[in-house]
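S.K.: Mapped onto UniProt numbering, the consecutive letters of the sequence shown carry residue numbers 1 to 312.
Please keep in mind that the hints were generated in silico from the structure rather than gathered at the bench.
Predicted model, so just to flag it, every value in this text is computed and none were measured.
A portion of the hints provided could be inaccurate.
What the hints assert, rightly or not - Pairs of lysine-lysine, DSSO-like flavour, derived with a Cα cap of 27 Å:
hint: 1; residue 1: Lys270; residue 2: Lys219
hint: 2; residue 1: Lys244; residue 2: Lys270
hint: 3; residue 1: Lys189; residue 2: Lys100
hint: 4; residue 1: Lys244; residue 2: Lys219
hint: 5; residue 1: Lys270; residue 2: Lys189
hint: 6; residue 1: Lys219; residue 2: Lys246
hint: 7; residue 1: Lys219; residue 2: Lys100
hint: 8; residue 1: Lys219; residue 2: Lys189
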Amino acid sequence: MYRRLPQLEIPTSYTDAAMSVIDQCKTASECTLSCQRYKYYCEAVIYDSEDKTCELHASALLNYTSATSPNNLTYYESLCAFTSPVRPNDCPDVNELGLKDCQEIYQRGFRQPGLYNIRNPDPNQYGCLAVWCDFDAESGWTVIQRRENGDVDFSRTWADYYYGFGNYSGDYWFGNLYIHELTDIASSKLNIVMRSWEGVEVVANYSQFSVGNYAERYKLTVSGYTGNAGDALANHTGLAFSTKDKTFPNNCSQTFEAGWWYAAGGECFKCNLNGRLANSSYSDEYNAVWEGGNFTFSTALKYIVMRVSRDG
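Work the whole structure out from these sequences, hints included.
M.R.: Written out as structure tokens, the structure is:
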């Protein structure tokens, strides 16, 4: 629940005070939903309707004074933030907000793909977490990665991959912290859909999927492959996650400019779905790739989605 404060007097240095800035945020609603990802760490947002940026702030800005903000800026403050000193009595209890995951949302009868709130799976945080849910005839799926526009840089730091980044309506990474918590609370399965620039679509399903905790460097575990894509991800099971500033066990993440479960030795990967998204039918080893089935390292991927669902 947010209140909009028009013509708010905000500090001229408000951008410097932001804990995070999200580019290409299409709507103010998407901006406030992004704030929810950080739970009690995010108290307010400033949305710029002209350049489509969303600034997340860890504290309210009402005590600042300066010139009245321009018309393109809109300020929203959370009424039900866990640490808010003016939290209304009718706010929902933070431990009862949202359902467990997209599978539980499916079980409650929802079938429209889109943004939903689930209970934050991280036991150290309160409130809800915004997620994108897809649905099919049998399951509700939490989308943990999507690549379709190529407008989000996936050459990111460990902290970025830890909390997640990108835009729910486009390309994003859900966050290793949340992927771990979702796959740790129950047995989970993974679905990967990829489409090439030639229009060929392939699917890889794994009946068992989990990501380890921080101490395990978010180690990947997958098994039980079915589909027509080829079992490329099996070569990465047991591997730790790497980013350009935390490389395990070599410099593959720096070389290929992405965070992923890279291997030791001469061959860094059999698949690298966080590599640069190809912008044409031409591809090289620095692009997002999957080697299996009809796809090779030279297959240019135009669309990728990774999504998880709980069994039962």
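S.K.: The structure should be examined with respect to each hint, and the outcome stated for every one.
M.R.: Against the structure, the hints:
1. A threshold of 27 Å between alpha carbons decides the hint, and for lysine 270 with lysine 219 the separation of about 16 Å falls inside it, so the pair holds.
2. Only pairs whose Cα atoms come within 27 Å are accepted, and lysine 244 paired with lysine 270 is accepted, the gap being roughly 19 Å.
3. Straight-line distance between C-alpha atoms of lysine 189 and lysine 100 comes to about 16 Å, which keeps the hinted pair within the 27 Å bound.
4. Using a Cα cut-off of 27 Å, the hinted pair lysine 244 and lysine 219 holds, with the two alpha carbons roughly 17 Å apart.
5. The straight-line distance between the Cα atoms of lysine 270 and lysine 189 is roughly 20 Å, inside the 27 Å bound, and the hint therefore holds.
6. The suggested pairing of lysine 219 with lysine 246 holds, with an alpha-carbon distance near 14 Å, which does not exceed 27 Å.
7. Straight-line distance between C-alpha atoms of lysine 219 and lysine 100 comes to about 23 Å, which keeps the hinted pair within the 27 Å bound.
8. A threshold of 27 Å between alpha carbons decides the hint, and for lysine 219 with lysine 189 the separation of about 16 Å falls inside it, so the pair holds.
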